[in-house]
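Asker: One letter stands for each residue in the lines below.
Number of protein chains: 2
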Amino acid sequence: MDIQKVTVAGGGVLGSQIALQSAYKGFDVTIWLRSEGSIERAKPKLERLRGIYKSTLEALKTDPSAWCRGLTDSADVPAEKIDELIARVDAAADSIKLTCSYDEAFGEADLVIEAIAEVLSEKEAFYAEACPHMAERAIVCTNSSTLLPSAIVGYTDRPGKFLALHFANNIWKNNTAEVMGQPATSASAYQAVVAFARAIGMIPLELKKEQPGYLLNSMLVPFLNAAEALLANDVADVETIDKAWMLGTGAPLGPFRILDIVGLSTAYNIVAASPDAANPDTTAGKIAAKLKSYIDAGKTGVNAGEGFYKYR
Amino acid sequence: MDIQKVTVAGGGVLGSQIALQSAYKGFDVTIWLRSEGSIERAKPKLERLRGIYKSTLEALKTDPSAWCRGLTDSADVPAEKIDELIARVDAAADSIKLTCSYDEAFGEADLVIEAIAEVLSEKEAFYAEACPHMAERAIVCTNSSTLLPSAIVGYTDRPGKFLALHFANNIWKNNTAEVMGQPATSASAYQAVVAFARAIGMIPLELKKEQPGYLLNSMLVPFLNAAEALLANDVADVETIDKAWMLGTGAPLGPFRILDIVGLSTAYNIVAASPDAANPDTTAGKIAAKLKSYIDAGKTGVNAGEGFYKYR
Numbered sequence: 001m002d003i004q005k006v007t008v009a010g011g012g013v014l015g016s017q018i019a020l021q022s023a024y025k026g027f028d029v030t031i032w033l034r035s036e037g038s039i040e041r042a043k044p045k046l047e048r049l050r051g052i053y054k055s056t057l058e059a060l061k062t063d064p065s066a067w068c069r070g071l072t073d074s075a076d077v078p079a080e081k082i083d084e085l086i087a088r089v090d091a092a093a094d095s096i097k098l099t100c101s102y103d104e105a106f107g108e109a110d111l112v113i114e115a116i117a118e119v120l121s122e123k124e125a126f127y128a129e130a131c132p133h134m135a136e137r138a139i140v141c142t143n144s145s146t147l148l149p150s151a152i153v154g155y156t157d158r159p160g161k162f163l164a165l166h167f168a169n170n171i172w173k174n175n176t177a178e179v180m181g182q183p184a185t186s187a188s189a190y191q192a193v194v195a196f197a198r199a200i201g202m203i204p205l206e207l208k209k210e211q212p213g214y215l216l217n218s219m220l221v222p223f224l225n226a227a228e229a230l231l232a233n234d235v236a237d238v239e240t241i242d243k244a245w246m247l248g249t250g251a252p253l254g255p256f257r258i259l260d261i262v263g264l265s266t267a268y269n270i271v272a273a274s275p276d277a278a279n280p281d282t283t284a285g286k287i288a289a290k291l292k293s294y295i296d297a298g299k300t301g302v303n304a305g306e307g308f309y310k311y312r
Numbered sequence: 001m002d003i004q005k006v007t008v009a010g011g012g013v014l015g016s017q018i019a020l021q022s023a024y025k026g027f028d029v030t031i032w033l034r035s036e037g038s039i040e041r042a043k044p045k046l047e048r049l050r051g052i053y054k055s056t057l058e059a060l061k062t063d064p065s066a067w068c069r070g071l072t073d074s075a076d077v078p079a080e081k082i083d084e085l086i087a088r089v090d091a092a093a094d095s096i097k098l099t100c101s102y103d104e105a106f107g108e109a110d111l112v113i114e115a116i117a118e119v120l121s122e123k124e125a126f127y128a129e130a131c132p133h134m135a136e137r138a139i140v141c142t143n144s145s146t147l148l149p150s151a152i153v154g155y156t157d158r159p160g161k162f163l164a165l166h167f168a169n170n171i172w173k174n175n176t177a178e179v180m181g182q183p184a185t186s187a188s189a190y191q192a193v194v195a196f197a198r199a200i201g202m203i204p205l206e207l208k209k210e211q212p213g214y215l216l217n218s219m220l221v222p223f224l225n226a227a228e229a230l231l232a233n234d235v236a237d238v239e240t241i242d243k244a245w246m247l248g249t250g251a252p253l254g255p256f257r258i259l260d261i262v263g264l265s266t267a268y269n270i271v272a273a274s275p276d277a278a279n280p281d282t283t284a285g286k287i288a289a290k291l292k293s294y295i296d297a298g299k300t301g302v303n304a305g306e307g308f309y310k311y312r
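Residue numbers (the UniProt record's numbering), protein chains in the order written: chain G, 1 to 312; chain W, 1 to 312.
Bear in mind the hints are in silico, worked out from the structure with no lab data behind them.
Keep in mind the model is a prediction, meaning the values are calculated, not measured.
Be aware that a few hints might be false.
Given that identical chains are not distinguished, each listed pair holds provided it fits within a single copy or across any two copies.
When the alpha-carbon atoms are kept at most 20 Å apart in a straight line, the in silico DMTMM-like pairs for lysine to aspartate or glutamate are as follows [stated by the list, open to error]:
| # | residue 1 | residue 2 |
| --- | --- | --- |
| 1 | K25 | E210 |
| 2 | K243 | D73 |
| 3 | K209 | E129 |
| 4 | K208 | D281 |
| 5 | K54 | D76 |
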């Protein structure tokens, strides 16, 4: 099918990025928001992104290391072409429609990307309200990180046209898009979403079946957990563990640098979900206690200026 | 203590590398071998390494990417200095003594590095025979990857001076040395080994307590296992899983490239050791079956020219 009109439901961190990236790559984009208040809160997010997109492109004129894979196909772009792209960012940001009308948002959409809160009851309420306003042809994707599409599909009216399209934060830079169907997803809807992901400058990563955590987190969580266990069991210090990983595998970042980026609160929530975490004698309990000691000291990661390492 | 005379027990892959690297960095090195036959088998290994060390240094004259951290402190070395280092490789290789006499090998050693087969009964027999020949001052390290030093220390006569010093393959390039004591290891012996590791061009990674798998493998095994599970459960293909890891973390290699380097037989042995592996319905059973299908087809990794990827 031919996707032209895209509606993003939700204007949060990811919703605003998906909207601007899609508009930048030439799609006709609407953001649906629950209220006028949400519209006002979404606007400064889009303005901030507009600035980041433009300054990143501007930097690329003199610094190839500024290259972000979602913005241009290569780092080698002539300055005049970059000026065109900067103008395109402005046109894209100006073109995005924000509305809380279901009809206006969903009536003509070819593709709907739902990026609302990760709360099943909120997803349920959203799909129950929104689906009746959508055209039959519309494909619907959830950007959920933690809920499987099979847990959500029952709230929609289109099992064959419902799947997950999962973005990473800072999508203009970290341009992977994990595509994951549920058992009823049709091959044509799946492939249309893969093509759309590619069309907005993403590298689609195709999952053949449902997997909690998709691909990246399915590997990252056990890896980070193993590193956390070494620290919590006092086998070695942060710097030594990171060095072992970087020197042993050639990776640019060790596990504790990655944890600082992910954020220690997220890491804590993952380990705290394990039943063992309540028992301080288990490895999970020791990891939870160790992470909590950092969090209680305000060291929650890069965004706080300090986590396992200092960034101030 | 002052370490000058180093004896390496065993002339296998790692033993020969540890011996040449130590001699190259100025130590007086002896290799103890079990028999005249073992001496004859060790000689070509040392000659091969001599050639690798010399050609790597020669390449560094024109190609900074040839730099190996164990050979020079930086990639920026003047050609005359490199010629001196090449001469030093020859002098080092020529200086290494090979013997099957316990007295000759161990009588004057300040440091003994045991790198014999990973079989507990062989370790037991070795230490029972060798320890009585050693000076009281001698520090003894095992290079064992799979046995903890506390499992071996009882065969020695020097609990305070016994610990693990664990090298990676191709130590002139992968120059990490994990240093791990057992409960009775003295702080002075531990620190002497850390200093020795540094003196032979290694980056010492200090473990504060015993940990099966040391640091690197403690993280690598669960990470690779998670990637193998994604493949064995048919969630995605090899290339997609590798791409997810590389794009998501900036790593130069995905898990299946790493598995090709590690070797699929080693990966198979690790998963086959799990009790679940015998049941084909479990994830471990599916991983074992998947790895076995590659191994049966001769695709055991980089060394075979093909594993998950082709290298021919």
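Asker: Next step is simple, just say for each hint if it's right about the structure.
Answerer: Hints, one by one, checked against the model:
1. K25 with E210: neither (28 Å within a copy, 54 Å between copies)
2. K243 with D73: between (33 Å within a copy, 17 Å between copies)
3. K209 with E129: Neither: 28 Å inside a chain and 58 Å across chains, both beyond 20 Å.
4. K208 with D281: This pair counts as between: shortest inter-copy Cα distance 19 Å, intra-copy 39 Å.
5. K54 with D76: Answer is within; shortest intra-copy Cα gap is 17 Å, inter-copy 39 Å.
Violated hints, in rising order: 1 and 3; the structure is consistent with all others.
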